[in-house]
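Undergrad: Work out the full structure, taking the sequences as your base and the hints as a guide.
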Amino acid sequence: MKKSVFFVFLFLIAFSLQSCKEEIQKSESIVQDETITSTLLKRTLPYKIYLPEAYQDSTKSFPIVYLLHGHGGDEKDWFIEDEGNIKVFLDSLIQHKIIPPIIAVTVHAGNSWYVNRPEPMESFYLEEFIPFIEATYRVDTEQGRIAAGDSAGGYGALRFSLLRPELFQNVILLSPASYEPLPPAISSSRKVAAFAKNGVFNDSIWKSFSYTHRWGNIKKAPKKPKYYLSVGDDDAYNIVPVVTSLQQQMLQDSIPNELRITNGGHDWNCWQQNFSNALTAIFK
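Residue numbers -21 to -1, 1 to 263, in mature numbering (1 follows the signal peptide of the UniProt record, and there is no 0), belong to the letters of the sequence shown in order.
These are calculated hints, taken from the structure and not from any lab test.
Bear in mind the structure is a predicted one, so any value in this text is a computation, not a measurement.
A portion of the hints provided could be inaccurate.
Stated by the list, open to error - Below, simulated DSS-like cross-link-like pairs (lysine-lysine); rule was C-alpha separation at most 25 Å, straight line: (1) Lys263 with Lys39; (2) Lys66 with Lys263; (3) Lys66 with Lys39; (4) Lys66 with Lys55; (5) Lys205 with Lys263; (6) Lys76 with Lys205; (7) Lys263 with Lys76; (8) Lys21 with Lys176; (9) Lys170 with Lys186; (10) Lys263 with Lys202; (11) Lys39 with Lys76; (12) Lys186 with Lys198; (13) Lys170 with Lys55; (14) Lys66 with Lys76; (15) Lys199 with Lys186; (16) Lys21 with Lys55; (17) Lys186 with Lys176.
TA: So, in structure tokens, the structure goes:
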């Protein structure tokens, strides 16, 4: 009899532990490593996606932020603990009800700078990646998409939003490397195939991708995204004048914007702070 009671007791403990484990797993946010096969690029690319706790516990749809990584980065940058650390970061903002539950996703774009040269990375992102994500996951597009990028990713987010302003309600530009008319000698843009001819950086090619060529799109757009511009005051890549010039152009053309010049450099400490500020402002 005692032995039977003992085994029942062990079973109940094991059942309780398993139930607790399942409940914890059910209620946690998750990060998934996935891939997408592109017809335009003729290859498969990895992406990472953050799904909030509430995604697991409901059938609701959620707003989304598309994260664009910088030069030398990949889809992991925004998730690495000592870089973007986005899971911990978003978990905290959501838990403290600073922002609602949101989805965040980033794809490996290499050193493409998100342009259509030498391969159609921009077209892939806008025509394949975004539609694929929104067909695969429960995305609430009525609440508006957010595009966010650091450095070269900010360059890409700006270009995307100017080409397709109707796609994005908010755009977060973290130290965007959107130099006009030309990047400084230290910029990594001078080392990539996207802006080179015969292996050498070409001024004319860089200028052909200038955001100024797309400015007319957003000036005439019936609904304009709001831009959150930011940069560290010690940015070593001369991006302070980039964002101040951008803001002046936006103010002149009545494009909604906020600018923050904060203490910091061209790094994740600065970008985390300014990303948090922007998300807080968007969802306040």
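Undergrad: Determine for every hint whether it applies to the structure shown.
TA: Hint check results:
| no. | hint | in the structure |
| --- | --- | --- |
| 1 | Lys263 with Lys39 | holds (21 Å) |
| 2 | Lys66 with Lys263 | holds (21 Å) |
| 3 | Lys66 with Lys39 | holds (20 Å) |
| 4 | Lys66 with Lys55 | holds (12 Å) |
| 5 | Lys205 with Lys263 | holds (14 Å) |
| 6 | Lys76 with Lys205 | holds (22 Å) |
| 7 | Lys263 with Lys76 | holds (10 Å) |
| 8 | Lys21 with Lys176 | holds (23 Å) |
| 9 | Lys170 with Lys186 | holds (15 Å) |
| 10 | Lys263 with Lys202 | holds (20 Å) |
| 11 | Lys39 with Lys76 | holds (17 Å) |
| 12 | Lys186 with Lys198 | holds (20 Å) |
| 13 | Lys170 with Lys55 | holds (22 Å) |
| 14 | Lys66 with Lys76 | holds (15 Å) |
| 15 | Lys199 with Lys186 | holds (22 Å) |
| 16 | Lys21 with Lys55 | holds (22 Å) |
| 17 | Lys186 with Lys176 | holds (13 Å) |
In terms of the numbered hints stated before, the structure departs from none.
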